[in-house]
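J.: With chain A held as given, fit chain B onto it using these hints.
Chains as they are written, first to last, in our numbering: chain A, 1 to 313; chain B, 1 to 383.
The hints are simulated quantities; they were obtained by calculation from the structure and are not laboratory data.
In this text the structure is predicted, and so the values were computed from the model without any measurement.
Any given hint could be a false lead.
Okay, derived cross-link-like pairs now, DSS-like style, lysine-lysine, Cα gap no bigger than 30 Å in a straight line [what the hints assert, rightly or not]:
1. LYS203(B) - LYS47(A)
2. LYS202(B) - LYS209(A)
3. LYS176(A) - LYS294(A)
4. LYS314(B) - LYS289(B)
5. LYS264(A) - LYS230(A)
6. LYS214(A) - LYS314(B)
7. LYS202(B) - LYS51(A)
8. LYS205(A) - LYS47(A)
9. LYS99(A) - LYS208(A)
10. LYS214(A) - LYS203(B)
11. LYS20(B) - LYS99(A)
12. LYS98(A) - LYS20(B)
13. LYS203(B) - LYS75(A)
14. LYS302(A) - LYS264(A)
15. LYS205(A) - LYS203(B)
16. LYS208(A) - LYS302(A)
17. LYS203(B) - LYS99(A)
18. LYS99(A) - LYS194(B)
19. LYS202(B) - LYS208(A)
20. LYS202(B) - LYS235(B)
21. LYS302(A) - LYS167(A)
22. LYS203(B) - LYS20(B)
23. LYS264(A) - LYS286(A)
24. LYS184(B) - LYS98(A)
25. LYS203(B) - LYS208(A)
26. LYS282(A) - LYS264(A)
27. LYS264(A) - LYS205(A)
28. LYS184(B) - LYS99(A)
29. LYS75(A) - LYS194(B)
30. LYS184(B) - LYS194(B)
31. LYS202(B) - LYS99(A)
32. LYS214(A) - LYS194(B)
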Amino acid sequence: MPEEENKKEIKSNEKLIAGMPEEELIASGHRACAGCGSVLAVRHAIKAAGKNTIVVAATGCMEVVTSPYPQTAWKVPWIHSLFENAAAVASGIATALKKQGSDTNVLVLVGDGGTFDIGLQALSGAVERNHDFCYVCYDNEAYMNTGIQRSGATPQHAATTTSPAGKLIHGKVEWKKNMPFIIAGHSENVYVATANIAFPIDFYKKVKKGIEHKGPAYIQVYTPCVPGWKIPSNITIELAKLAYKSKTTPLYEIENGVLKFTQKPENPIPVDRYLLLQGRFKHLNKIEIAEIQKHIDDTWNKLLRLEETEVRI
Amino acid sequence: MIKKVIEASEAVAIGAKLCKPDVIAVYPITPQTHIPEKIANFVYDGKMDCELVDVESEHSALSACQGAQAAGARTFTATASQGLALMHEVLFATSGLRLPVVMAVANRALSAPINIWNDHQDSISARDSGWIQFYVESAQEALDTMIMAFKVAENKDIMLPAMVCLDGFTLTHVYEPAQIPEQKEVDSFLPPYKPLFTLDPKKPLTMGPIGYPNSYMDFKLQQQQAMQKALTVIKQVQQEFLKRFKRTYGNGLIEAYKTKDADIAVVAMGTICSTTKDVVDELRKKGRKVGLIKIKTFRPFPEADILDATKNLKAIAVLDRNISLGQEGAVYSEIKAVLKDCKTRADSYIVGLGGRDVTPNTIKTAIDKTSKSKNPIKEWLMQ
Chain A
1 MPEEENKKEI KSNEKLIAGM PEEELIASGH RACAGCGSVL AVRHAIKAAG KNTIVVAATG
61 CMEVVTSPYP QTAWKVPWIH SLFENAAAVA SGIATALKKQ GSDTNVLVLV GDGGTFDIGL
121 QALSGAVERN HDFCYVCYDN EAYMNTGIQR SGATPQHAAT TTSPAGKLIH GKVEWKKNMP
181 FIIAGHSENV YVATANIAFP IDFYKKVKKG IEHKGPAYIQ VYTPCVPGWK IPSNITIELA
241 KLAYKSKTTP LYEIENGVLK FTQKPENPIP VDRYLLLQGR FKHLNKIEIA EIQKHIDDTW
301 NKLLRLEETE VRI
Chain B
1 MIKKVIEASE AVAIGAKLCK PDVIAVYPIT PQTHIPEKIA NFVYDGKMDC ELVDVESEHS
61 ALSACQGAQA AGARTFTATA SQGLALMHEV LFATSGLRLP VVMAVANRAL SAPINIWNDH
121 QDSISARDSG WIQFYVESAQ EALDTMIMAF KVAENKDIML PAMVCLDGFT LTHVYEPAQI
181 PEQKEVDSFL PPYKPLFTLD PKKPLTMGPI GYPNSYMDFK LQQQQAMQKA LTVIKQVQQE
241 FLKRFKRTYG NGLIEAYKTK DADIAVVAMG TICSTTKDVV DELRKKGRKV GLIKIKTFRP
301 FPEADILDAT KNLKAIAVLD RNISLGQEGA VYSEIKAVLK DCKTRADSYI VGLGGRDVTP
361 NTIKTAIDKT SKSKNPIKEW LMQ
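Looking at chain A on its own, in the form it has when it is part of the complex (with noise of 0.2 Å):
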């Protein structure tokens, strides 16, 4: 990205973080990686939420490197049972505290593999029975927690430890499952909304939509992985807008079932960019780019139209 560009952005960025409390509601001593993306958007969600908020957590990273017993990262009431349950648990805790007329927020935080793969059953039926609960998915498109596996939000070529660049089979063979359209089409009344780590104050802002909003919220959140995705941990947030830039992480929201972007990059780049600052991309040919870029394009194109059309989800 040039200089100028950057700085710009930056001091946007400044300016805009001066806007979000400045209170931690999770202490910085936690065992996450250098150059985390995810422990960036638990930072975040749980700002967003506030202090009357109990938080739910699946097991994965977020879960064990803020728990180590007897440690806590943790600055309000947090829970964590099993990996597919969260919404189930979520559930519970939404109707205890119906039940009890209370007013405490309820948090979601679950990785991709925990909410695309196996806990998809629990967070559709938490959904479906419309809680009152706010789910955000941190995506780092991988089973990062276990080392590396593909899951249902990996996206087609890339490189994972059980979808490796083989001589036959180059990386995973399937696109990325569209999570944010699944959960929108459960209902109306669920607001949904996908984000980015490179855009802090959109990402708080549709959290504290999604913690207001009565009924179920999903937001995905884009959360770049140093070691599950090989790259230096000092370009996190670089990456991460390169994402953006080059329609990767498309940021909308849908509401009452009609999508709209909430920012578009002015000057979209190539994909390729994005792509090969990773070491899960850099055994891609000509060809597979070309297919992810086609692929990025269609499915732009797409949530254009729908944007444009208002046609209902």
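T.: Same frame as chain A, but now just chain B:
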């Protein structure tokens, strides 16, 4: 107090209602369904002030109970068979989190072949999950045990979840007369749930952290100590229940039926015990010195009480409605271990798997074989 003829499933539902749970999360499975249906009727008719959550699986049913209980609610669920198997990992998480959820289990066989009828394989397969397990034989006992289960589970020295296991169909779908306690009597016996710890933003705490090798074992030791304490607490709660409601089921752990002068006793759990009591009465009329030891509490296992009740017997016929494939019946394994230093011989009979009838003749066969044999017996009674 009202006396009514009710289905045992309704007795469980009434038991739940009398205990005033705040949240009930359930998923249907035969033969448990009459329990949530009855509860739904209570809730939808405004007779029960409770949030009923119809979840999308048993895994989520118990997970939702966990969440609600952690947020300070009293919770209840019910399941059977595959549902309990699907809950398996949630069972361990619930007991590990020390959340005193109470669950009714309508005991049913496990697939394959698929079979909706009764045996104890489902709950026996969950015996190591850190749940207290009660096995009942009548509608009245099911109702009463529900009330006692909450009181035991929520005791601050215990804080463990509890299962009330009743035989699918052979009890869940059977109509029997039962006395229904007054609400105010139950209220004074079982005060509102006051958890020691909850998810409270005013007092934030971390529940369900990662326990490294330097702490995990300490958590397990505490659970085991709570289980051991439960042996005493269950007896105390049964005593208190007896004083207030004038009903008792042995000492809460086991019930010894006509064993004082007996040579031979049957050991069993659940509805087989009712049939066995009739068989014992009949055989005693013919001068046979036989009795029954009913195991009501299987976890924690009442080792001392069983030893005391069996040490003067010549032999025991253990009727297991389950099989640990590759070894033997689970109750038999326990009894054998209890009797390791005694002269009393234990014989093993596998009976009634997948709903096969256990008739008076089945029980008589076991008693006759054990009476006549001089050597240990391990048999499947296929009749």
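J.: Where does the structure disagree with the numbered hints, that is, which hint numbers, in rising order?
T.: 6, 20, 21
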